[in-house]
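Chemist: Here is how the chains run, residue by residue.
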Amino acid sequence: MKALVNAPENVVAEALEGMALAYPELLHVETEPRFLRRSDAPRRGKVALVSGGGSGHEPLHGGFVGSGMLDAACPGEVFTSPTPDQILAAAQAVNGGAGVLLIVKNYTGDVLNFQLAAELLAAADIPTETVLVDDDVAVTDSLYTAGRRGVGATVLIEKICGAAAEAGKSLADVARIGREVNAAARSMGLALTPCTNPQAGQPSFQLGEQEIEFGIGIHGEPGRSRIPLAKADTLTEMLLTPILADLPFRSGDTVLLFVDGLGATPLLELYIVYRAATRIAEQHGLRISRRLVGSYMTSLDMAGVAITLLRMQEDWLGYWDAPVRTPALSWGATPC
Amino acid sequence: MKALVNAPENVVAEALEGMALAYPELLHVETEPRFLRRSDAPRRGKVALVSGGGSGHEPLHGGFVGSGMLDAACPGEVFTSPTPDQILAAAQAVNGGAGVLLIVKNYTGDVLNFQLAAELLAAADIPTETVLVDDDVAVTDSLYTAGRRGVGATVLIEKICGAAAEAGKSLADVARIGREVNAAARSMGLALTPCTNPQAGQPSFQLGEQEIEFGIGIHGEPGRSRIPLAKADTLTEMLLTPILADLPFRSGDTVLLFVDGLGATPLLELYIVYRAATRIAEQHGLRISRRLVGSYMTSLDMAGVAITLLRMQEDWLGYWDAPVRTPALSWGATPC
Amino acid sequence: MLTTTNLRAWLDCLHGRLVQEKDQLNALDTAIGDADHGSNLLRGFQKVQEKLHDNDPPDIPALCKLVGMTLISTVGGASGPLYGTFFLEVGKSIAAGSTAVAPESFATALAAGLRGIQRLGKAELGDKTMVDALSPAIDALLANQSPATAAQAARAGLAATIPLVARKGRASYLGERSRGHADPGAASAALLFDCLATATPSS
Amino acid sequence: MLTTTNLRAWLDCLHGRLVQEKDQLNALDTAIGDADHGSNLLRGFQKVQEKLHDNDPPDIPALCKLVGMTLISTVGGASGPLYGTFFLEVGKSIAAGSTAVAPESFATALAAGLRGIQRLGKAELGDKTMVDALSPAIDALLANQSPATAAQAARAGLAATIPLVARKGRASYLGERSRGHADPGAASAALLFDCLATATPSS
Ligand SMILES: Nc1ncnc2c1ncn2[C@@H]1O[C@H](COP(=O)(O)OP(=O)(O)O)[C@@H](O)[C@H]1O
Ligand SMILES: Nc1ncnc2c1ncn2[C@@H]1O[C@H](COP(=O)(O)OP(=O)(O)O)[C@@H](O)[C@H]1O
Ligand SMILES: [Mg+2]
Ligand SMILES: [Mg+2]
Ligand SMILES: [Mg+2]
Ligand SMILES: [Mg+2]
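Chains as they are written, first to last, in the numbering used here: chain A, 4 to 339; chain B, 4 to 339; chain C, 285 to 487; chain D, 285 to 487.
Be careful, since some hints might not be right.
According to the in silico footprint, chain D covers these stretches of chain B (three or more CB under 8 angstroms from chain D) [what the hints assert, rightly or not]: (1) 72–78; (2) 83–91; (3) 200–213.
Read the hints as simulated data drawn from the structure, not as lab findings.
The model shown is predicted, which means the values in this text are computed figures rather than measured ones.
We put the CB at the ideal spot given by N, CA and C, even for glycine.
Produce the entire structure from the sequences given, and follow the hints as far as they go.
Modeler: Written as structure tokens, this is what we have:
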């Protein structure tokens with residue numbers, strides 16, 4: 004395992020120090036317990052957005068802290084959800100009196116820790132709502148399993164809910180919007196290489212020169228199946244087919260297309276996948292009105308791509324376009 | 004070699020199609036000959052900035068086309084400089100009557116092709132200046148060699164000159180500023196892994212599990228030496244030492260610190276390097292007033308990092324902070 | 285009788301075993317999860333050791349509460365809240381002020397701990413989780429068998445997870461591909477009972 | 285005499301050899317450069333073939349100009365302007381309207397082409413570039429030796445680049461590490477003379 008680290012156990016602490024140094028105007032990093040918050044939080048009267056999860060997915064979530072998106076992010080250790088006391092402290096620090104929305108990716112660890120935090124927040128009389136993100140069609144959804152994973156939709160929910168909160172929407176409204184966005188989003192990913200958790204020191208799986216893992220998550224866990232490498236156009240179609248099958252996307256629908264690199268994917272390749280995805284979406288009569296192409300929710304040094312398709316609603320367009328100023332997403336009136 | 008591509012020979016064309024589809028408001032892609040331009044170019048009375056170089060360094064240069072930065076970018080094949088007719092056509096398309104600044108990285112191929120283009124521009128009576136970027140201290144500078152390579156300073160020059168042009172500076176002034184920024188910037192990089200040019204299909208070199216290439220360029224060429232892997236703090240110091248030795252950085256100097264990922268480097272690691280770099284810079288009495296952390300000038304799927312230090316001048320601060328709206332850099336009044 | 289001293293010995297043993305077997309637990313978690321289970325638990329039980337260095341809980345419930353709270357606030361992941369809740373519930377089931385408990389009461393308390401885990405995590409026996417090792421071990425204690433026998437039952441439960449398809453936690457994403465691997469949480473649960481056997485007087 | 289037909293045969297041969305040896309040239313360029321020299325030249329001479337399919341330049345200067353312009357506008361990299369300039373200068377040295385030239389005049393024209401390369405790229409003999417193969421080959425022709433002998437001289441020049449430290453182009457960044465590898469541009473220059481020997485009548 005080769006990585007630019009000092010001691011594996013200090014990776015998260017040192018990276019957070021680096022972030023604090025890199026974005027002094029935008030955010031503050033607290034260490035006991037560990038969370039990042041907007042430098043101007045709490046914002047009086049604005050619903051506060053708090054998210055978090057394991058580290059190793061950068062820029063998610065810390066890179067989305069700032070005006071127009073998250074008020075706070077709670078980073079756990081690499082691929083390990085944060086603890087309830089982090090979430091509690093973050094929520095208390097950024098609550099501006101209008102309540103706190105917790106944006107939680109559907110992994111058992113995240114769910115349990117945020118659930119315990121929500122109980123503590125209720126005990127502290129802070130109005131709290133939770134949006135559970137579970138957009139990954141690679142995973143069979145069933146009452147008898149942990150359900151679908153939360154992946155790419157997380158970024159879209161954080162942006163759209165962030166703008167709704169900024170626009171003065173109530174906690175109930177922002178939570179409702181978050182759930183609606185989640186319900187209208189579907190994702191699927193594949194990996195060309197494994198990733199290496201610096202604490203484990205070993206690649207998460209072994210792949211041959213002509214193999215890929217299909218239906219991958221974001222924690223280095225193996226995917227649903229191992230398949231032969233194929234052309235970008237073919238793989239893009241394989242990702243989009245289950246996405247399109249899962250939600251009744253209809254001809255004429257307006258969508259946001261998000262092509263996400265998993266950490267080690269050259270931008271050049273993401274554009275090739277984006278091109279292929281637009282063609283397939285258009286063959287299905289979808290109108291791509293907004294897009295995001297880049298590495299926004301990653302798995303350390305994993306090479307691969309994930310696609311998220313969000314069926315847009317009219318008012319979400321405005322929320323998407325609304326100004327945002329965070330380390331990883333930043334634009335004025337319209338996105339670029 | 005595993006990559007999300009269709010046919011190796013179509014990589015650049017398809018990626019450009021993808022970019023055009025991803026940023027319809029920001030830029031146009033021309034195909035015969037190939038270049039990207041701001042959708043609102045030519046801008047009457049503004050000096051036009053044209054850069055370019057081999058592909059495979061994304062987001063450089065195409066990702067910096069937009070208001071406040073480049074008017075046009077000419078992408079060559081992967082790691083191959085563009086041809087004079089591309090540069091000529093791009094310059095003619097974006098010239099707003101105030102002349103054209105060519106920003107050229109110092110590689111023989113780029114230099115020769117831009118030189119031929121400059122001759123054609125002169126023949127077409129378009130006032131043209133060239134800024135040659137050569138900030139890489141890994142390379143011995145000598146009359147008897149090709150001289151130093153242009154690396155990270157390119158991004159900083161494109162931003163600062165872009166803002167100066169936007170502010171109405173003359174061609175001579177924008178060129179002078181570009182040359183001054185180049186003279187005040189020094190860079191050095193290292194690679195943890197080789198990269199694979201899709202057209203060659205083989206990694207550019209072989210590295211053991213505990214080896215790195217030190218003093219690397221951005222085209223997969225081997226570096227100055229092969230050294231054992233070390234801690235991020237140690238490697239950062241090894242990069243900064245020759246940088247600090249090369250330019251008379253003085254205690255009290257105000258600097259911009261740019262930590263650049265080479266394509267496959269997790270953001271987490273870049274923050275760890277950024278942290279280490281700030282400490283070393285501060286030990287030398289440097290005041291870091293601006294910073295950039297991310298993968299902005301890459302070598303396909305190479306893992307590694309490069310550091311650029313720019314001794315800032317008072318008026319460059321304003322140019323750095325000036326609004327920019329491109330696919331890869333975007334901010335309003337102050338950077339984030 | 286089980287004393288506060290026995291319980292501290294239990295925790296010492298567990299910490300020691302986690303130091304030794306962290307990589308092995310991570311390796312199990314690499315196969316069907318995210319490679320962090322050993323690191324997670326070691327971080328938690330390391331912190332428990334530090335806390336116990338500075339604090340001397342007066343009785344068994346206070347000790348269990350300290351362990352539970354520490355795990356919840358340092359482990360993260362799925363196992364942090366689950367093992368944390370386990371110790372919290374064990375503590376709650378033992379009368380305040382007790383510095384020793386009879387083996388039967390301790391078995392009852394452990395059963396309450398397991399119920400806490402299942403309330404929170406909703407896993408049933410056979411879902412390929414820590415429950416598959418905890419449950420048979422606690423059943424053995426409830427049936428008045430020795431901690432050593434309970435530890436054997438936990439190991440058997442661990443082995444029984446190998447052919448199962450996971451239905452809870454991260455391993456469930458793998459579907460059929462989760463077969464053929466032992467569950468990391470069941471492996472750490474087996475350690476828990478190995479150490480209980482080590483730390484308690486063979487009656 | 286060298287006719288337009290000979291020159292087209294030269295270009296056909298070169299194209300064919302580049303198809304065969306593209307990967308080998310890329311491999312040479314991988315060792316001390318950026319792995320594209322073969323792809324670059326093949327792209328250029330492929331385009332030359334396409335242009336010649338649609339156009340029939342009336343004389344040798346026109347043919348050389350077409351080749352030079354095509355290489356400059358399709359190859360890119362260092363070799364595009366250099367080989368492009370080479371052909372442009374060769375064309376300029378031959379009288380307009382010529383459809384055949386004497387071997388001596390052709391040698392003089394090639395020498396003018398080499399001067400063009402050196403004016404643009406500033407490389408001297410021994411800098412480990414294409415010049416190291418071109419120069420001895422052209423010298424041989426100027427000395428009235430056969431194209432086959434010139435091709436041998438080019439090969440010798442190519443071999444002589446191996447122990448050199450590069451002083452021009454991308455390989456110069458490697459300093460001492462550039463020793464021990466043949467220069468890719470010198471290798472393509474050797475192909476150029478191999479094909480000249482194939483395409484011209486052995487006098
Ligand atoms: N719902 C659940 N109920 C009981 N145990 C569970 C549940 N989900 C996961 N586990 C246990 O947690 C273990 C994984 O713990 P750990 O690796 O620390 O957390 P994470 O999965 O968040 O990385 C699994 O091996 C399993 O035994
Ligand atoms: N200044 C120069 N003068 C003559 N030949 C040069 C010069 N610089 C480079 N070359 C030749 O060009 C070859 C490399 O060509 P190519 O790989 O196509 O371009 P690039 O180096 O831009 O990738 C080198 O092997 C060398 O022979
Ligand atoms: Mg985990
Ligand atoms: Mg090249
Ligand atoms: Mg785990
Ligand atoms: Mg080359």
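Chemist: Work down the list of hints and note, for each, if the structure agrees.
Modeler: Here is what the structure says about each hint:
Given as covered by chain D, the stretch 72–78 of chain B fails the check, having 0 residues with a CB less than 8 angstroms from a CB of that chain where 3 are the minimum. Against chain D, the stretch 83–91 of chain B contributes 6 residues with a C-beta closer than 8 angstroms to a partner C-beta. That satisfies the three-residue criterion, and the hint holds. With a threshold of 8 angstroms between beta carbons, the proposed coverage of the stretch 200–213 of chain B by chain D holds, since 6 of its residues qualify and at least three are required.
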